[in-house]
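Colleague: Each chain is listed here by its residues.
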Amino acid sequence: MVAANRWFCLATQRSTVWQLWLQSKQHQLFWRNFSQILVRIRYNHYRIRITQCIITIIRRLATQPKLANVPKRKWKSVVGLEVHAQIASASKLFSGGGTSFGAPLNSSVAYFDASIPGTLPVLNRKCVESGIKTSLALGCRVNEVSMFDRKHYFYADLPNGYQITQQRAALANDGKMTFPVITPGKKVYYKTVTLLQLQLEQDSGKSLHDDYLKRSLVDLNRAGLPLMELVFAPDLETGEEAASLVKELMLILRRLQTCSCKMEEGALRVDANISIHQEGDPLGVRTEVKNIGSVRSISQAITYEINRQLETVANGGVITNETRNWDAENRRTVAMRDKEVLQDYRFMPEPNLPPLHVNLKPGSKSSEDLLSVAALSEEIPELPEDTRQRLLEQYNLNAETAIILVNEPILLDHFLNISRSLNELPNKVIYNFLINDLLTYCNKVNLDVEKCSISADDLKDILKYLNSEQINLQAARQLIELLHNNPKIKVNELIELHNLQQICSPEKIENLCQQAIANQSKAVQQYQKGKSKALFAIVGEVAKLSAQKANMKLVVQCLEKLLKPSKK
Amino acid sequence: MRRHLQWSIKKLTASYADGQLSPRRVTEQALEDALRLKTLNAFVRLTPEQAIQQAQVSEERYQRKQQSGSLDGVTIAIKDNFCTRDVHTTCASRMLQDFVPPYDATVCAKLKKAGAIILGKTNMDQFAMGAGTVDSLYGPTKNIWSEDLDQDNWRIAGGSSGGSASAVAAGLCYAAIGSDTGGSTRNPASYCGVVGLKPTYGLVSRHGLIPLVNSMDVPGIFARSVSDCVAVLNAVAGPDRLDSTTIRDPFTRLKLPEIGQIDLSTVRIGIPKEYHCQGLSAEVLETWSKVADLLECGGACVQQVSLPNTAASIFVYSILNQCEVASNMARYDGIEYGHRAEDERSTEQLYALSRAEGFNEVVKTRILTGNFLLLRKNYEHYFEKALRVRRLIAEDFVKVFEASDKEDHVDILLTPTTLTEAPLYKDFASLTNRDQCAVQDFCTQPANMAGIPAVSIPIRLSQAGLPLSLQLMSNSLNEQLLLTVASWIEGQVGFDSLENRQEYKASL
Chain S
1 MVAANRWFCL
11 ATQRSTVWQL
21 WLQSKQHQLF
31 WRNFSQILVR
41 IRYNHYRIRI
51 TQCIITIIRR
61 LATQPKLANV
71 PKRKWKSVVG
81 LEVHAQIASA
91 SKLFSGGGTS
101 FGAPLNSSVA
111 YFDASIPGTL
121 PVLNRKCVES
131 GIKTSLALGC
141 RVNEVSMFDR
151 KHYFYADLPN
161 GYQITQQRAA
171 LANDGKMTFP
181 VITPGKKVYY
191 KTVTLLQLQL
201 EQDSGKSLHD
211 DYLKRSLVDL
221 NRAGLPLMEL
231 VFAPDLETGE
241 EAASLVKELM
251 LILRRLQTCS
261 CKMEEGALRV
271 DANISIHQEG
281 DPLGVRTEVK
291 NIGSVRSISQ
301 AITYEINRQL
311 ETVANGGVIT
321 NETRNWDAEN
331 RRTVAMRDKE
341 VLQDYRFMPE
351 PNLPPLHVNL
361 KPGSKSSEDL
371 LSVAALSEEI
381 PELPEDTRQR
391 LLEQYNLNAE
401 TAIILVNEPI
411 LLDHFLNISR
421 SLNELPNKVI
431 YNFLINDLLT
441 YCNKVNLDVE
451 KCSISADDLK
461 DILKYLNSEQ
471 INLQAARQLI
481 ELLHNNPKIK
491 VNELIELHNL
501 QQICSPEKIE
511 NLCQQAIANQ
521 SKAVQQYQKG
531 KSKALFAIVG
541 EVAKLSAQKA
551 NMKLVVQCLE
561 KLLKPSKK
Chain P
1 MRRHLQWSIK
11 KLTASYADGQ
21 LSPRRVTEQA
31 LEDALRLKTL
41 NAFVRLTPEQ
51 AIQQAQVSEE
61 RYQRKQQSGS
71 LDGVTIAIKD
81 NFCTRDVHTT
91 CASRMLQDFV
101 PPYDATVCAK
111 LKKAGAIILG
121 KTNMDQFAMG
131 AGTVDSLYGP
141 TKNIWSEDLD
151 QDNWRIAGGS
161 SGGSASAVAA
171 GLCYAAIGSD
181 TGGSTRNPAS
191 YCGVVGLKPT
201 YGLVSRHGLI
211 PLVNSMDVPG
221 IFARSVSDCV
231 AVLNAVAGPD
241 RLDSTTIRDP
251 FTRLKLPEIG
261 QIDLSTVRIG
271 IPKEYHCQGL
281 SAEVLETWSK
291 VADLLECGGA
301 CVQQVSLPNT
311 AASIFVYSIL
321 NQCEVASNMA
331 RYDGIEYGHR
341 AEDERSTEQL
351 YALSRAEGFN
361 EVVKTRILTG
371 NFLLLRKNYE
381 HYFEKALRVR
391 RLIAEDFVKV
401 FEASDKEDHV
411 DILLTPTTLT
421 EAPLYKDFAS
431 LTNRDQCAVQ
441 DFCTQPANMA
451 GIPAVSIPIR
461 LSQAGLPLSL
471 QLMSNSLNEQ
481 LLLTVASWIE
491 GQVGFDSLEN
501 RQEYKASL
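Quick mapping for you: the protein sequence lines, in order, are chains S and P. Going by the UniProt record's numbering, the final residue of the first sequence carries number 568, and the count climbs one at a time with no gaps. Going by the UniProt record's numbering, the final residue of the second sequence carries number 508, and the count climbs one at a time with no gaps.
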């Protein structure tokens, strides 16, 4: 294309049509046409002079409606999420089948899950409780009566030929979620999204296709697993907002213990509906992106899809209502096949399950047949946003720090734990150490901080030594690495073993400083001439000489003292 | 002549207890009879090994004087749409020809627990879709009352639980389990001259009953007397954790008063005028009015009532039936169980061929129609409207059973069960399945719409020597009164369920 571009410029420099084309601003369209013709030239051996060829194209373009004349309006992107969260429970939504992830194929299958004729669904009370708790935590109105429906479609891993879901009357509606949006390099802001509906439904099984032997196998372990489907209003604009929503949702569900939120196990699945429109226009045609496997992918997939749509429209293309798959490897969305036909799910009330009633009376208790929403609301723990507020108010943390700590539950635990038992330690030291040192180390070695084996007690010890100046920050950082690699050795032993004690004795410090002054005569001169920054070089020298173990506060004091008289 | 066949269950178990008869001997005789009367085609499968083994255990219990219940040692047959552990359950279809359930339906489990001996599985219309037991993979079931069993002149047993009705009528077993969705128990009971009970929806668990229409299906009971019927009901009724639609309250066993003790003076009987319908035979009509007179003479207050939405019932039934059928049949894809076609080129091909081969025309037609009716564009117009009319039909019953004005209120409705005596097979087979069901279910399916209990009891023989029966209906969970009145009528009319044709007698 670069070569073609050069040709083109040469050939059309003096052409008046060139200006015309520039106005039309249909570069992409031009290049598509142009490259097509180039291909024709190559394959069909047309002996047409390039210039002429170009002129033809430009003429053709000039006769098309000019996009440039339409007043330029800003494009807006609209994103809505549908989240399927697997309810953490010991048995399935409608059967006694087990739910453990990674069980041997087809081993967690009750007769009902395999649709053995004559079996009937029996609603799992635990799942309803979890659904209600989640609804309450997300500010939903729990419906006094909800119902189950059959959604029909044929698929090999859907043994009944229908999925039992809640279409007409869901468990809960009209929730609201406010969450911080974290965009790298931008200021954190809060966004509120409406939760239209929370419904209970069963999962399908899994088909495994063996291309080599040309056969398909079905694993029904997943068939019938309990899911909460959360349908959010299209209130979002970017991939980051979507990822932040999901991140917050995961924090809430984990607090409630209603979902493990392990995306890698399929316990939380996110589908995104994405459209673009120009300001003032109605919403555009949307595409649905499925198969998003991680929080990071949510942001990437949505950003990709928004850009793809913008580009398609800019190229004069049309967005079609389709389902696309996120291809994490190649980082792009790909249209799914076999989805062109509009499905008619032939919804029908599930006749084997009576309507689900709940008790909405304040102060009521749950009975054998009727769950009390009021009683369940008392089981709801502190939610992430409440924790952030508490950190702000009780611990005087700033908003960013509070968000980071709450986003990493293990860091929050450490923080609260250490802060409680080491009263004398300023909170700032604790969270700085956790965020800047522990989290940074984990990120460096690509370790999920949740899986880091360093205990709160160990961290407490490090901070204790740090605070009493027995070790310095350098040593503290080193200890993180040492502890991670030697989980069985205690902090004080590691300090001994690796000789990490801070050098504090005035004689030793002075000794080191003298040596450094001797080594860094140039810096000393500069410093004495009034260039105060030159002190850093001398301090650095001390650090080097002491193998990073000198107490820097004392070193600076000592250096200033040593260098002062000669200044006079 | 094996006179013990005519005994009541109570008398039978009493004679087991005093050693006069042995469960093992009775079971062996029943199995012999079943083979001898193979021409009826009542059973699709006998389970002699299990039956004799169960009889043996029962006998030992009697010897130890530790009977397990009121049905200990009583021979019973089960319709082939109830799952029986390790015994084929086919729904008389090719689709489930090789299906062996890994579990017992709750009804079967409860019967076994009560000590009943299960002789085998009985014939039916494919997936219970029919009113004649003529659409079975195993061929039609014949009515024991037929003038001629061998020639082309035999009578149908009715359906879809024709096999169960036929087996009880022929004395092959003391009771049988059927299912009733629109009359599938009462219809064959009526033709075969036995008692056929459809309990209140939710009184007996459907767990293990392969569904036709979930919201209407009820396990039904066949017996030769009302008291036998009560004995079986007492064994199988009650809440079941495995069926969420069963009534939660504990079931109180029914106990009917002695016939002499029954007082009809407080009972109000309603005769719904809409049941006097087109196609009602003169003989059935006559029987109907005679029994009404009988009740009045017995002291009951008999009055005409109106159930204005009755005529709509058959259409509503047809729509709801086909929609649920389309949904319930979706599981038969040949993947997990059931018939699987050879064509495995693609999943769709496999589905299409498996289903094309596995289902008969009746099933296929209902699936197609049902799916059409459930399409988004049709749902409101057909399915939702049908649900609304269904509520109206149910309200009709509520109005007569729960009327605040004492004058308008009735306790029991008396109606025909079927419009005629059992038709000849050749006449019946000439009709389409839709017409067969629409005509024959007219009086029976409203009870399924409303979920109320209904019982068919034989009254007398027609001129052709065929049983004529009537139906009683009551408000939900009022089986006690329903069966009390039924037993009073039974006592008055003195119908002998085993007094049927010569062929049978000669065969013994």
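Hints may be right or wrong, so weigh each one.
[To be verified] Under the rule of at most 20 Å between Cα atoms (straight-line distance), these lysine to aspartate or glutamate pairs were calculated in the EDC-like manner: (1) S/206 <-> P/348; (2) S/214 <-> P/343; (3) P/377 <-> S/450; (4) S/214 <-> P/348; (5) S/214 <-> P/336; (6) S/151 <-> P/343; (7) S/151 <-> P/380; (8) S/206 <-> P/380; (9) S/151 <-> P/59; (10) P/112 <-> P/59.
[What the hints assert, rightly or not] Covered stretches of chain S (chain P as the covering partner; in silico rule of three or more C-beta atoms under 8 Å from a C-beta of chain P): (11) 438 to 449; (12) 454 to 460.
[As the list claims (entries may be wrong)] Not the full set, but computed from the structure, chain S residues with beta-carbon under 7 Å of chain P: (13) 150; (14) 156; (15) 161; (16) 212.
Quick caveat, the hints were computed from the structure, so don't treat them as lab data. Even for Gly, the Cβ is constructed at its ideal location relative to N, Cα and C.
Colleague: Which constraints among the numbered hints does this structure fail? Numbers only, ascending.
Modeller: Structure breaks hints 3, 6, 8, 9, 11, 12, 16.
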